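J.: Please arrange chain B on chain A, whose structure you already have, making use of the hints.
Protein chains in written order, with the numbering used here: chain A, 1 to 411; chain B, 1 to 411.
Be aware that one or more of the hints could be misleading.
No copy labels: a pair is met if it fits in one copy or bridges any two.
Stated by the list, open to error - Derived EDC-like pairs: lysine to aspartate or glutamate, alpha-carbon spacing no greater than 20 angstroms straight-line:
{"id": "1", "residue 1": "4", "residue 2": "355"}
{"id": "2", "residue 1": "389", "residue 2": "355"}
{"id": "3", "residue 1": "193", "residue 2": "266"}
{"id": "4", "residue 1": "4", "residue 2": "308"}
{"id": "5", "residue 1": "243", "residue 2": "308"}
I should point out that these hints are in silico values taken from the structure, not numbers from a laboratory. All figures in this text were calculated on a predicted structure; none of them were measured in a lab.
Listed here are the chains, written in short residue letters.
2 protein chains.
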Amino acid sequence: MLHKAILLILDGLGDRPIPELGHLTPLEKATAPNLDRLAREGICGLMSVLGPGFVPGSDVAHLTIFGYDIHNYYAGRGPIEAVGLGLQLAGGDVALRGNLSTVDDDLTILDRRAGGITDVSGLVRDLDGLEIDGVRFIVRPGTAHRAAVIMRGQGLSAAITDPDSHFDSPKACDPEPTDHSPEAKFTAEVVSKFIARSHEILARSPINTDRKARGLLPANFMLLRGAGKHNNLPSFEEKYGLKACGIAGAGLYKGLATYAGMTLIDVPGATGLEDTDVRAKFTAALRCLETFDFVFVHVKATDSLSHDGNYEGKAAFIEKIDAAAEILLNRPDGVLLVVTGDHTTSCTRRNHTADPVPILMHAPHGDSLRVDQVTAFGERPCQQGGLGKILGIDVMPEVMTLLNRSRMIGT
Amino acid sequence: MLHKAILLILDGLGDRPIPELGHLTPLEKATAPNLDRLAREGICGLMSVLGPGFVPGSDVAHLTIFGYDIHNYYAGRGPIEAVGLGLQLAGGDVALRGNLSTVDDDLTILDRRAGGITDVSGLVRDLDGLEIDGVRFIVRPGTAHRAAVIMRGQGLSAAITDPDSHFDSPKACDPEPTDHSPEAKFTAEVVSKFIARSHEILARSPINTDRKARGLLPANFMLLRGAGKHNNLPSFEEKYGLKACGIAGAGLYKGLATYAGMTLIDVPGATGLEDTDVRAKFTAALRCLETFDFVFVHVKATDSLSHDGNYEGKAAFIEKIDAAAEILLNRPDGVLLVVTGDHTTSCTRRNHTADPVPILMHAPHGDSLRVDQVTAFGERPCQQGGLGKILGIDVMPEVMTLLNRSRMIGT
Chain A
1 MLHKAILLIL
11 DGLGDRPIPE
21 LGHLTPLEKA
31 TAPNLDRLAR
41 EGICGLMSVL
51 GPGFVPGSDV
61 AHLTIFGYDI
71 HNYYAGRGPI
81 EAVGLGLQLA
91 GGDVALRGNL
101 STVDDDLTIL
111 DRRAGGITDV
121 SGLVRDLDGL
131 EIDGVRFIVR
141 PGTAHRAAVI
151 MRGQGLSAAI
161 TDPDSHFDSP
171 KACDPEPTDH
181 SPEAKFTAEV
191 VSKFIARSHE
201 ILARSPINTD
211 RKARGLLPAN
221 FMLLRGAGKH
231 NNLPSFEEKY
241 GLKACGIAGA
251 GLYKGLATYA
261 GMTLIDVPGA
271 TGLEDTDVRA
281 KFTAALRCLE
291 TFDFVFVHVK
301 ATDSLSHDGN
311 YEGKAAFIEK
321 IDAAAEILLN
331 RPDGVLLVVT
341 GDHTTSCTRR
351 NHTADPVPIL
361 MHAPHGDSLR
371 VDQVTAFGER
381 PCQQGGLGKI
391 LGIDVMPEVM
401 TLLNRSRMIG
411 T
Chain B
1 MLHKAILLIL
11 DGLGDRPIPE
21 LGHLTPLEKA
31 TAPNLDRLAR
41 EGICGLMSVL
51 GPGFVPGSDV
61 AHLTIFGYDI
71 HNYYAGRGPI
81 EAVGLGLQLA
91 GGDVALRGNL
101 STVDDDLTIL
111 DRRAGGITDV
121 SGLVRDLDGL
131 EIDGVRFIVR
141 PGTAHRAAVI
151 MRGQGLSAAI
161 TDPDSHFDSP
171 KACDPEPTDH
181 SPEAKFTAEV
191 VSKFIARSHE
201 ILARSPINTD
211 RKARGLLPAN
221 FMLLRGAGKH
231 NNLPSFEEKY
241 GLKACGIAGA
251 GLYKGLATYA
261 GMTLIDVPGA
271 TGLEDTDVRA
281 KFTAALRCLE
291 TFDFVFVHVK
301 ATDSLSHDGN
311 YEGKAAFIEK
321 IDAAAEILLN
331 RPDGVLLVVT
341 GDHTTSCTRR
351 NHTADPVPIL
361 MHAPHGDSLR
371 VDQVTAFGER
381 PCQQGGLGKI
391 LGIDVMPEVM
401 TLLNRSRMIG
411 T
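This is chain A alone, in the form it adopts within the complex:
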């Protein structure tokens, strides 16, 4: 009887047929005997994460596949990044994601990543603990140019525009309230003051003086975006009764696992890049089954290679995953394995698209599964799968059904 599950998400797995690959997708092109065996022995389908025509961002996609209704539980990227860096959000806190950039005297953005700065911990230390109008700013360094910012105080709102103009304007800008509440107006004003104050502090930092002396761009400005409050979503365990953990290399996915209340498992060699140690992650996943009921494993590079338009690299990376998947095939009895992506990332478009993603569910000895006739894991083979076409929000209910944990309606 199935009683535990592994959810393996290969980021941006889905793709469109590529003329240079003989009109196959990278997944269809890859020689992937283990994934094909999982498909052959399992039940397959296509997952439209948010429904036709909606292109899922990675954060929204993961929350949806975890079973959280994003209308209630998605609060922007800020809180997810903050918890991913190990910060605790209290009720009323507003979190933003930040990145250190370079501006000139005119506040024109010269480089959004401050000349490729690799460590902002020294610079960020000078901003941490700033108090403005009774609001305390907690600032922590992320990877490379990134940082997380938490605002703690009375009367804060997340209803402000991004003070980061992204690529729409060459100039840094101030946030605006997006509703008529005094809280939104107050928060926008405090963030504006923080931006100005932090710019002053960063501009005169000895670290930046030293960078300029070495011919590097100064990291003299904090771009902020994704303001959100923690939505106090129920943890994965509260929601499903499953003790859950997460294994990921890239920061966002650690954040998403933490956000859903999963225990984060650190795996040496899990880089979130093409060189990641997939075997180590899968081996760790099996070990986690001794303690946890549900193991989320995230592999990032399928997506990054698609954003680069590198379809051959994507196919080769899928082959690397496939070789490691032998470890998952040899997992203990009673453990359901789900393999899918969080969205399609088209190598020709070099971006996410709304096309559905292949999904397979596999059980040792076909335990409880209505095994279908699909014999390979791929976009086209999965069109014929027994799961049919499902939504992202359907994945966990399907898992719960197979784990015999679904709720009876009526009598």
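T.: Positioned in the frame of chain A, the structure of chain B alone reads:
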């Protein structure tokens, strides 16, 4: 890369298996090598326009396939017919469709179409501009016995019953308000007065005196139905950023295209009947691609033949469309082609049914499409299609996905 689209709707295309056709449907029975090629080179599926069990009317079906939520945007037939005749609706106007009929002194309806009258423009002219209780009536002739009526004035409501009793009663009747608002009460009273006044005017019209002298039934009574206000729906271009045009022979479909803000393209020979020049319509569609991003083409007779129970005629007409479809196969690169119906019209039932309709999407050289294994266009072959089972409201999101115009949710 796909960047434009043609949507070809063959009205009432879907059907049920017919014993006399060896349990094939007319589409399955027809020898249609071009439609089959489109299916073989494309991706197919079945479309349930409104979901299982709902029988779509043509107006509701088209609005749904165009992507308009009918709960918000369907306001009855009146406004659609009015804009189809080139009338402009102002805010607050109520539009009704009318048809000139014959009643006796007792107001018993003798003929709903006034003895097959072919031109009501002279009769309608005497009603146009009537003012009743401050409400002005704008009346325009449609095809044959049909007319459009717009009420313009203060305090009007569309919440009235059809004053046309259809076939439920042999007698003409007055409208009733369907809510308790003073506007509905007032509108019902004004419409009642218009019906009485127009009956007086029509009864003494010299045109009717002449008809009677020639042994024809007088067109002495205006049957009204489908009261609605213009819903100010966003135009197709506002909604999708696609400059759109429509090609149709029959009035309702011209109205629907206009209602959705498409530019109407007049094609000589497009009659909306079995004799329509399908080749001319398809040729015009290709020419429209020079100016427009989205071309809606409507062909009517598949439906009319089904209402007549003429399954052999329907199959033969599909073969006529198929021969012309060669033109569409030779369209420029980058143009998605969608072929479907607006609903099933069963030749045995001689009416619309809720059965889903075959749909195919085709791209030159398979561009961006996850081409499936379907090799023929038909109700049964499409059951195996890669699009699976979709709703009418999903069609435009699927199109927008393939045109790379979908919206990202999250980051």
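J.: Are the hints correct? Go through all of them and say.
T.: Evaluation of the provided hints:
no. : hint       : verdict
1   : 4 to 355   : between (29 angstroms within a copy, 18 angstroms between copies)
2   : 389 to 355 : both (12 angstroms within a copy, 15 angstroms between copies)
3   : 193 to 266 : neither (37 angstroms within a copy, 61 angstroms between copies)
4   : 4 to 308   : neither (36 angstroms within a copy, 26 angstroms between copies)
5   : 243 to 308 : neither (36 angstroms within a copy, 32 angstroms between copies)
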